[in-house]
Amino acid sequence: MRPGFAQFGLALPALLLAGLALMLTGCGKVEAPAPHLVLEARGDQCVEPTDVIRRNHMEILMHERDEAKLYGRRNPDHSFVGCVDCHVSPTASRDDPATHFCMACHQFNAVRMDCFQCHTDRPSDDAPTKRSADLEESIERHLALQADGIETVQEISTP
Amino acid sequence: MSTENSANVSRRQFITGAATAVAGLTVAPGVFLLKTAGAANGADPATRWGLLIDTSKCADGCTACVRACHEENGVRSLGRPKTDAQWIRKVTLTERETGHQHSLPVMCQHCEKPPCVDVCPTKASFIRPDGIVLVNKHTCIGCRYCMMACPYKARSFIHEPLTDQKPHAPRGKGTVESCTLCVHKVDRGEGTTACVEACNKDGHRAMVFGDLNDPSSEISRRLRQEGSSAIRADLRLNPAVRYQGI
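These protein sequences, in sequence, are chains A and B. Note that numbering that gives the first Met the number 0 has the first sequence beginning at 0, numbered continuously upward. Note that numbering that gives the first Met the number 0 has the second sequence beginning at 0, numbered continuously upward.
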């Protein structure tokens, strides 16, 4: 056996390993920041149970947008601005779907939506104060309804 | 990573953590508030929102209302004056015989019988029950018939992709837009518009916003006592924006 061949035989796996390691680090670098921006701004409790909102958010938005636009009947619980205020990071952008709560999922599922061609893709400046004020108001409404004997709270068993 | 992390976590805690303190009494993990019956009743058909503009108080060269409107609604110049959107503009009128000049703001006049609504093929141009004339951009196809039909040149077409819109004023390429009479403020019950606020702030007090159908409102009282005129009154569109002194 020639010495050159033995050297090559050792060098080939080493090269492959190095290449694999490079590829992995490359992947890590590209994807690392993505889940953070999406996850950190995901909100803790949605206006509807997660399985309902996951399956039906488009119907809720589509149905109530006409009510809001044509008749001014705005439901703060189901407002598009409300979704963005709670779920989207202030540093996210529609042009970088990996950072954006809505766009990331829509891109993954290959569902194109045009919302952000007109609607802003970022939360409003006063989002935190506005959301907590909205929630307080919403809870007051619930308490008032409960005082009238109307059931407004539902127990959801998560699988 | 850690700095970004903590910044965002504190933001989230601020939104939801503060809320948990309030909600904690009634909402436990796994217990959700049902949809509330709190949605507002919306635009009241008994009201008709309008503006009264006293041109004798409107200062020549002052553009406070224009700046306030465009700031409020995120309307920015793209450096192309021929196609830039204009929701409100200052117009200078000169009387031919005497040379007397005066200046006044012109925006969508929110007609009772709006020609833009008549011509819209998709019913995207519509009049709300409370008299505010708007474009539903979900159904606007950008044909621009309404721009042709409007005798006040109140509408603008968006030719280019936009970014950084205001949350309450969605705007986008391929749709027509115009003054909304600050409908977001109206729906929040603020009872004023950005242009009126700016005019009052500058001390001119040339503009009044109010309900034309409410006999006790300031705008109705002044219209009744002092009189007013409409631009192109000959078209009998009955605009909700009324002028004094022209």
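Keep in mind the hints are simulated off the structure, nothing from the lab. Positions of the beta carbon are idealized from the N, C-alpha and C atoms, including for glycine. The reader is advised that the hints may include incorrect statements.
Looking from chain B toward chain A, a few residues come up when the C-beta cut is under 8 Å (computed) [claimed, not checked]:
#1 GLY41
#2 LYS112
#3 PRO114
#4 PHE125
#5 PRO128
#6 ASN135
#7 ASP163
#8 LYS165
#9 LYS184
#10 ASP186
#11 GLY188
#12 ASN199
#13 LYS200
Now for the hints, and whether the structure bears them out:
Of the supplied interface hints, the one on B:GLY41 holds, with its beta-carbon coming within about 3 Å of a beta-carbon of chain A, less than 8 Å. Given hint, B:LYS112 at the interface with chain A, is violated; its Cβ is 18 Å from that chain's nearest Cβ, farther than 8 Å. Annotation: interface hint on B:PRO114 violated; nearest CB of chain A at approximately 19 Å, more than 8 Å. Look at B:PHE125: its Cβ gets to within about 6 Å of chain A, closer than 8 Å, so that hint holds up.
Interface restraint check for B:PRO128: the shortest CB-CB distance to chain A comes to about 6 Å, inside 8 Å, so the restraint holds. At a threshold of 8 Å, the smallest CB-CB gap from B:ASN135 to chain A is about 5 Å, leaving the interface hint in force. Because the beta carbon of B:ASP163 sits about 7 Å from the nearest beta carbon in chain A, less than 8 Å, this interface hint is met. Taken as an interface hint, B:LYS165 checks out: its beta carbon lies about 7 Å from the nearest beta carbon of chain A, inside 8 Å.
About 12 Å separates the beta-carbon of B:LYS184 from the nearest beta-carbon of chain A, more than 8 Å, and the hint is not met. For B:ASP186, the suggested interface contact is upheld, since its CB lies about 5 Å from the closest CB of chain A, less than 8 Å. A distance limit of 8 Å between C-beta atoms decides the matter here; for B:GLY188 the minimum to chain A is near 11 Å, and the interface restraint is violated. With 8 Å as the threshold, the beta carbon of B:ASN199 stays out of range of chain A, its nearest partner Cβ sitting at about 23 Å, so the hint is violated.
The beta carbon of B:LYS200 comes no nearer than 20 Å to any beta carbon in chain A, farther than 8 Å, and the hint placing it at the interface is violated.
Hints 2, 3, 9, 11, 12, 13 from the list above are not met by this structure, while the remaining hints are.
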